[in-house]
Structure formats: structure tokens, C-alpha cells
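Asker: Sequence:
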Amino acid sequence: MKAHIESEPLFMNVCIKGELSNYKIYPSGHHYFSLKDGGGSLRCVMFRGSAMKLRYRPENGMSVLAYGRIAVYERDGAYQLQCSQLMPEGTGDLQLAFEQLKAKLSDEGLFDRAHKKPLPAMPEKIAIITSSAGAAVHDMIRILGRRWPMSKVLLLPVRVQGVEAPPEIAGAIRYANEFKVADLIITGRGGGSIEDLWAFNDERVARAIYASEIPVISAVGHEPDVTISDYVADARASTPSNAAEIAVPDCDDMRNHLNKLEALVSQSVDAKLRNYRERLRNIGSKSVITDPVTQIDNRRQNLDYIYRRLIAAQESIVSKSRRNFVSLAASLDAMSPLRVLSRGYTVASKESGETVKQASELKAGDKITLRFSDGEAGCTVDSLKLNN
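Residue 68 in numbering that gives the first Met the number 0 sits at position 69 of the sequence shown; the count goes up by one each step and never skips.
No wet-lab data here; the hints were simulated from the structure.
The hints are all genuine.
Here are the simulated distance ranges between beta carbons:
#	residue 1	residue 2	range
1	R298	R254	56 to 62 Å
2	R74	N12	21 to 27 Å
3	E244	Q266	31 to 37 Å
4	G39	N12	18 to 24 Å
5	P248	I15	55 to 61 Å
6	S372	S330	16 to 22 Å
7	G39	P117	58 to 64 Å
8	S105	N12	37 to 43 Å
9	R173	Y72	41 to 47 Å
10	A50	R206	19 to 25 Å
With a cut-off of at most 30 Å between alpha-carbon atoms, the simulated BS3-like pairs for lysine-lysine come out as follows:
#	residue 1	residue 2
11	K35	K1
12	K259	K271
13	K101	K52
14	K124	K259
15	K384	K366
For glycine and all other residues, C-beta sits at the position ideal for the given N, C-alpha and C.
Kindly generate the complete structure, drawing on both the sequences and the hints.
Answerer: Structural data, given as C-alpha cells:
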């Protein structure tokens, strides 16, 4: 049965449409799955050699077209499809692989704007990672030389198509970072089909761009072409020529800008000089400059006037203070007990020196002192007569 079925020409090249089910990948690298539709199910195997050519990740429930040949698995006595190609229905395998990798890297944050590095305004060294044989590199070098000839351009030649291209591109990016060969990296190639541009949809290239400490401009294909590298890079150019325009300023524009700045600075300086000259003329016309002696005489006259005012104020204060002193002295003199004694009164005091204020404080025989305005007299109390 095996020999008969596997030798049948009709079974050597078949295409079967169905839905993937029970998809498994074994350590050997072989893929085992079933194709099913509303009416039946077919066991399938894709051996490691064919599975390595898959550009996308098959998933259960995916509608596919499976190409291969019908064979018999002797141990189970069952027929199966030995699949050589597995194409997603309705879209190409490359487009599906692109969408799957895009979703994966987006979920990991490789496209986030927070990770985008600013491009240097005037890079001193620019590394171009592309094919040395393509027209794109010549366009970029020509435009860079015309726009900003001060930048040194270093070409890191790599293949940009084929299975060897992704590791070469990723390796060149790592080399540029390890040896700090440039301030800016431009990587890309000219236009082509999705197959031609596929090296820039490779996960290895995307992760090398993301890990680069040097800012990277992705310049792949033409305006409609979008690759994974465009999403990861710090800046995307629509074409390689546009990448050269983004990378450096235009020296003609810079020269015009500097000329405008020079004119503005010159106008500002001229305006300030005119203002200072006008101020100098105004100061020079003032009398303090033209006739300083008169100004000094005026100041002396003002000093004399102030001096006279100060003297007058001092005399007024002294006169007022003197009058206040005389008035206070007269009031104090009027209240003096000596003033009372001069009118014929006396002050009696005991031997202890205590002033006698009332007759009841004395008794016969007490010795007292009488103080007069011109002296004192010692006396003895002979008798007392108190008022009732």
C-alpha cells in the first residue's frame, strides 16, 4: 500500500485547504498537525528541513494552504500529508510573518517613543550600513557631501538581501557601537519587493537597532515601503536620499541663517551705539560738564544756606531749653522749705532728727532743735498747750 500510494503521480503534488489543529513542534524540529474542515481531518507532518523555511509562526485555527505529497505511515497504517510548504490563506506568508513580529516587538516596547534617541544636529561622523554596490549608497554619499561636507562618512558594506543579510547588518550595527565609529548610523537599501526588503524585517536586525547607543535612521525602500526596522529606529526616512537629508543640515541654509543672525546682531549693536552716543551728547551738554565752577559755587552757596539754618535752629533750641530751665528752677524754688523759713517760719525736729509735725508728739522736758532760715537753736519743752 505504501509503495502503491507514494508512487501515484496524482498524490505526489497536492494542495489542500484547511484549518490548523493540534499543532505541535517536537525537539527534533519536525512539525506535526492536522488539517480539518467541516467534513474531515487529515494528519500532516512537516519535516525539519521544510519547517526551517517558514517565515511565520503557524497557530491553531489558522486557515492555510498546505502543499506536499500523500504518504503512508507504516507503523499506524495511516496516510498523511508530508507538507513541504504551508501558506496562510488570504495573505502571503511574508506579510503574516511581518504582522506577527510587529505585534511581538510592539508588546515588548521596542517601538515606544520613550526609547527614541534624538539625532545629533551636526554629526561629525556618519556610518552608512548598506550594500556598497547599490545606487542608494552613492545617492546618500553625494547628498551628504553636498549638504554638509564637514561630516566624515564611513561605509560599512553588508549584504542587504538573502539569508546572510540579517546577521551581517546586525553585526555591523554592533561593530559601530562597540568601536564608537560614528555619531549617527544610517542603514537601509533601495526599493524592491517584500522579499527583497525582508532582511530589514528580521528580528535580529530589529533588536540590534534597539540596542544601539548610537542613533539610527532607517532608510528602506521607497515611500510606501514600511519595515520592522522603520518602527524600531530612532528616525525613519522614506528613502535613502531622504535619510541623508534628515541626517545633516544644509550648509547653504545654515549660511543664510548665519547671515541673518549677523545682520540682526549688527543692527542691534548699531542701535545700542546710537543710543549710547545720544546719551553721551545729552550728558556732555549738561552744565555740570560745560561749567563745573558755577556748579561748585552753587553747591557752596547751598552749603552756606544750610549752615545758617543749622546755626539758627541750634540757637532756637538752646534758647527754648534755657527758658524751660528757668521756669522749672523757679517752680522748684517756690516749693523749697528754705523759702518758707525765710518768711519767719521754723522747723522743729527731735533729737533723733525726726521732724515734729504736731504738738501732741512732744512732752515737757523733750529737747528739740528749731531750724531758722539763717541757723538752728536747741530748746527744751517747758510746757505744752494742745488745741481742743
